[in-house]
Amino acid sequence: MSILKSLSKIKKYANGWSFALIALVLIIGLPIYTLFFKLFDKTTESVWSHLVDTVLTDYIINSLGLVIIVSILTLLMGISSAWIVSTCRIPFRRQFEWMLILPLAIPTYIAAYTYAGIFDYTGPIQVFLRDIGFSDLVYIDIMNFWGVAVVMALVLFPYVYVVARSTFMSQSATLLEASRILGSSSWKTFFKIALPISRPAIIGGLSLVMMEVLNDYGAVKYFGVSTFTTGIFRAWFSFGDPNSAINLSGILMAFIFIMIMVERVQRGKTKFDEGARIGRQLKRYQLKGWKKFLAWTVCFIPLFLGFIAPVFQLILWSIQTIKKIIDFEFLILMANSFGLALLAAALCVAFSIIILFAVKVNKSHFFNLLAKFAALGYSIPGAVIAIGIMIPLLGLDKFIINTWEQSFNLKIGLIFSGTIFALTFAYVVRFLTVSLNPIEAAFKKTGDSIDEASYSLGAGSFKTLLKVNLPLIKSALISGGILVFVDILKELPLTLILRPFNFHTLATKAYELASDEMIAESATPSLIIIVIGTIPIIILNRLMKTSKSDGSIIN
Amino acid sequence: MEVLSIKNLHKRFGKKLQYAVHNASLTVNKGELLALVGESGSGKTTLLRLVAGFEEADQGQISINGDKVVDDNFSMKPEKRKIGMVFQDYALFPHLTVAENIKFGLSKSQFPNLNDRVREITDMVGLSSYENRYPHHLSGGQQQRVALARALAPNPGLILLDEPFSNLDAVLKDQVREEVRSIIKKAGATALFVTHDMRDALSSADRIAILKDGKIQQVGTPRELYETPKNLYVASFFGKINAMNATAENGTYKLKAGEIKGAKTDKTGQILIAIRPENIEILTEPKENTFPAKVELAQYFGDHQQVHADIGSETHVVIHAHEKILFDKGDNIYLRFNPNKIHVLDTCWYPGLVS
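Protein sequence lines correspond, in order, to chains Z and X. Quick note: the first sequence, position 15, residue 15 per full-length UniProt numbering, numbers continuous. Quick note: the second sequence, position 214, residue 214 per full-length UniProt numbering, numbers continuous.
Read the hints as simulated data drawn from the structure, not as lab findings. You may find that some hints are simply not true.
Unchecked claim - DMTMM-like mimics (lysine to aspartate or glutamate), calculated; alpha carbons at most 20 Å apart, straight line:
{"no.": "1", "chain 1": "Z", "residue 1": "LYS474", "chain 2": "X", "residue 2": "GLU100"}
{"no.": "2", "chain 1": "X", "residue 1": "LYS103", "chain 2": "X", "residue 2": "ASP116"}
{"no.": "3", "chain 1": "X", "residue 1": "LYS80", "chain 2": "Z", "residue 2": "GLU263"}
{"no.": "4", "chain 1": "Z", "residue 1": "LYS363", "chain 2": "X", "residue 2": "GLU79"}
{"no.": "5", "chain 1": "Z", "residue 1": "LYS363", "chain 2": "X", "residue 2": "GLU56"}
To be verified - Derived coverage of chain Z by chain X (criterion: at least 3 residues anywhere in the stretch with Cβ under 8 Å from a Cβ of chain X; other residues may be distant):
{"no.": "6", "segment": "99-106"}
{"no.": "7", "segment": "341-349"}
What the hints assert, rightly or not - Negatives, chain Z to chain X, calculated, CB over 10 Å:
{"no.": "8", "residue": "ALA20"}
{"no.": "9", "residue": "ASP131"}
{"no.": "10", "residue": "GLY413"}
{"no.": "11", "residue": "GLY447"}
{"no.": "12", "residue": "GLU452"}
{"no.": "13", "residue": "ILE539"}
Quick caveat, the model's predicted, so the values are computed rather than measured. Built from N, CA and C at the ideal position, the CB exists for glycine as well.
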């Protein structure tokens with residue numbers, strides 16, 4: 001009886017959706033399995049022990065150091081500007097409100113070589129210093145650990161800013177007023193009430209900053225700071241030892257795992273942010289005199305250094321070099337980038353639909369966990385995903401080539417590795433999370449009774465998805481697709497490792513030009529990436545505005 | 001003819017000890033409206049969802065129009081059961097117009113001309129001029145009629161309604177109850193609906209099933225339930241009732257405070273009796289077969305007075321008096337229990353409730 005029962009239970013879940021979900025998750029997990037199984041493989045002993053003896057401590061110190069310093073800087077910039085924008089009246093407050101998100105459109109590697117160019121011997125700052133009479137004595141060297149930390153923080157702080165602002169804005173005014181009526185100064189109100197309430201959300205934003213720091217390859221490489229990602233590249237390309245690269249990836253993943261756990265625990269402990277949502281908005285403080293100027297400066301500096309200055313410099317360079325850069329090859333470059341991003345974005349959206357609908361059809365804890373597993377990719381650095389995909393695909397290619405040679409005496413090229421296939425695959429693994437999130441939220445919002453209504457009217461699951469669910473979540477599908485598209489366009493480390501020979505995207509080309517001391521020439525592709533990167537920001541901003549006007553909260 | 005037949009249905013969620021539905025058996029006949037009434041957590045919605053196929057039973061059978069839809073290790077998919085359902089939140093497809101919503105469940109093989117069928121149904125529910133509107137342009141009552149029309153359009157063997165009136169305000173409710181009943185009757189449909197509000201059931205249903213703790217306590221017409229409730233729970237569903245322990249002997253109920261004579265009963269021994277407040281008469285003079293009592297509290301409600309009285313031996317009763325005399329705290333009165341209106345209840349079911 002009980003065997004029959006459990007058999008019939010399994011039969012209940014035996015449908016096309018669950019098979020598709022399981023198949024997708026199995027495939028998407030490939031880099032994780034690679035890491036796991038290869039971690040205990042033998043390394044080329046000399047290389048690994050050499051790495052351990054010489055550079056491993058550097059990697060650990062630099063990576064952890066960057067995470068800590070960038071976190072502190074982004075917290076300072078993000079929280080202070082968010083607090084001022086949400087609670088004070090300053091000139092151009094509305095503009096600041098959305099423009100402070102703009103730095104996010106600049107990938108860390110572009111910010112890095114732009115700032116390197118600005119502070120270069122022939123760059124505007126040195127030229128200016130020389131012009132006003134300081135000779136070569138003053139040379140500001142930013143090409144070090146501290147330089148890269150500041151540059152990264154300048155473009156990553158909006159992650160903190162966005163969440164801090166939305167929690168500050170949604171905090172009930174009565175709560176803050178209650179604090180003031182009890183005699184607290186506005187500073188005390190901030191530190192004792194507003195900040196503690198917003199902490200879980202801010203830590204969520206901060207964890208994204210940390211992920212980005214650990215994912216970064218271009219900026220640290222350019223500034224000559226060795227971290228785990230540069231180490232993975234070196235082990236793979238310079239020493240030709242994949243197992244050392246895997247070991248480094250393993251250590252890096254351990255760090256990330258701990259980070260995620262800390263974040264989860266933090267969130268689990270604090271449940272009070274939900275209840276505080278209701279109520280009027282706070283009447284903003286009217287500042288006067290130097291206080292007003294100071295508040296304004298606190299908002300302006302991150303915006304200026306994080307967006308206006310580098311973009312202005314890039315525009316200048318682009319004007320100088322655009323004639324040289326725009327040619328037929330550049331058009332191919334654009335087509336490569338856009339085509340690839342479009343393909344991978346479409347796949348991400350399609351897979352998100354299948355995974356989430358499969359969970360909806362088969363309500364079970366197990367399928368829910370599988371979907372969570374499929375969403376792990378975003379927390380794994382691009383370089384690690386690239387290694388985790390490259391190794392098994394290379395093995396598969398070798399096997400296929402050998403069997404073909406033996407059985408048909410034919411020589412064939414690489415099929416999976418070093419092709420667009422591997423690259424697209426890796427993009428989907430890394431960015432699936434980005435499309436899963438908005439689509440999941442949209443599915444949740446439509447609810448279950450609409451599906452049940454459709455079933456009760458005789459429609460099967462496929463018709464229900466096609467005729468009822470998809471039309472209702474159309475805008476989430478589009479915004480999910482755009483988010484993935486933009487992320488892929490910006491992506492660097494993964495593309496550098498997995499791109500086919502002589503294949504370039506806007507990102508790799510810009511980075512290559514900058515690395516070859518042609519920073520001015522790299523400006524045009526960089527600007528294109530930045531301009532496209534602002535699209536989701538504008539969309540998000542509009543979404544926030546409309547949600548505010550009909551009084552609902554979209555998070 | 002039986003349209004729906006439920007036999008010994010059991011359902012438990014997860015590893016909970018308590019059954020959500022425990023050994024439920026029920027039949028609904030053709031053209032009948034049956035209401036499932038219970039408090040939240042009584043299992044009424046689960047029972048409805050088991051019939052619809054959105055939950056799977058652990059044990060038991062369900063047949064619809066003679067076809068087995070649930071049996072041991074078999075459960076027909078909801079979309080195959082040919083059931084219409086009206087959801088609590090209506091679940092109208094927001095991206096489709098009224099006509100498109102109604103058309104959704106129709107098939108060409110059943111209705112060669114779909115538009116004719118849509119017209120026919122919208123006429124029936126009185127929404128023919130709203131066919132091209134979207135759901136959010138309609139009022140709550142209209143949305144509900146669309147939901148009903150959509151469920152009725154494919155001519156299902158059975159239609160299920162989940163708390164159909166809970167989203168409507170009180171003024172609208174009375175009107176809609178009447179409408180829904182007449183539409184279902186006009187369509188010749190058989191319906192099972194769930195509600196927590198006894199007035200919904202009394203005004204719309206032909207028969208009522210009362211659920212408590214996953215068990216069906218009693219099924220019957222409103223009158224049967226009111227006049228011959230099986231237990232205190234069912235009895236108390238219709239408002240106040242006085243319950244007392246008694247010993248029965250030769251047509252006499254012996255209470256701690258006295259005796260009630262002249263009952264037509266063959267019961268003997270320890271029993272639980274109950275009498276409604278309006279079936280106790282208040283007299284100012286002692287007469288035969290009366291209990292002396294003292295007024296503890298009297299509340300004036302216009303059409304009646306609610307009097308709480310102490311009849312001694314720690315027994316308190318509530319009376320609804322329609323006399324012109326106003327009572328006051330401390331008044332000495334005499335109560336006559338109408339022996340023919342006394343129910344003998346099932347004691348073993350809810351001993352905890354006995355006061």
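Now the hints, each set against the structure:
For the hint pairing Z/LYS474 with X/GLU100, the CA-to-CA distance comes to about 19 Å; that is within 20 Å, so the pair holds. Distance check on the hinted pair: X/LYS103 and X/ASP116 sit about 10 Å apart at the alpha-carbon level, within 20 Å; holds. Proposed proximity of X/LYS80 and Z/GLU263 is contradicted: the alpha carbons are some 46 Å apart, above 20 Å. With a C-alpha separation of about 17 Å, the suggested pair Z/LYS363 and X/GLU79 falls inside the 20 Å cut-off, and the hint holds.
Distance hint between Z/LYS363 and X/GLU56 is fulfilled; the C-alpha atoms sit about 12 Å from each other, no more than 20 Å. With a cut-off of 8 Å between beta carbons, the segment 99-106 of chain Z has 0 residues touching chain X; three or more are needed, and the interface restraint is violated. Look at the segment 341-349 of chain Z against chain X: 0 of its residues bring a Cβ nearer than 8 Å to a Cβ of that chain, fewer than three, so the hint is violated. With a least beta-carbon separation of about 18 Å from chain X, Z/ALA20 lies farther than 10 Å from that chain, consistent with its non-interface assignment.
Distance check for Z/ASP131 against chain X: the nearest CB is about 64 Å away, which clears 10 Å, and the non-interface claim stands. With a least CB separation of 48 Å from chain X, Z/GLY413 remains clear of the 10 Å interface cut-off, as annotated. With a cut of 10 Å on Cβ distances, Z/GLY447 falls inside the contact zone with chain X, its closest approach being about 8 Å. At roughly 6 Å from the closest C-beta of chain X, the C-beta of Z/GLU452 falls inside 10 Å, breaking its exclusion from the interface.
For Z/ILE539, the shortest C-beta to C-beta distance to chain X comes to about 21 Å, beyond the 10 Å cut-off, and the non-interface label holds.
In summary, the numbered hints that this structure violates are 3, 6, 7, 11 and 12.
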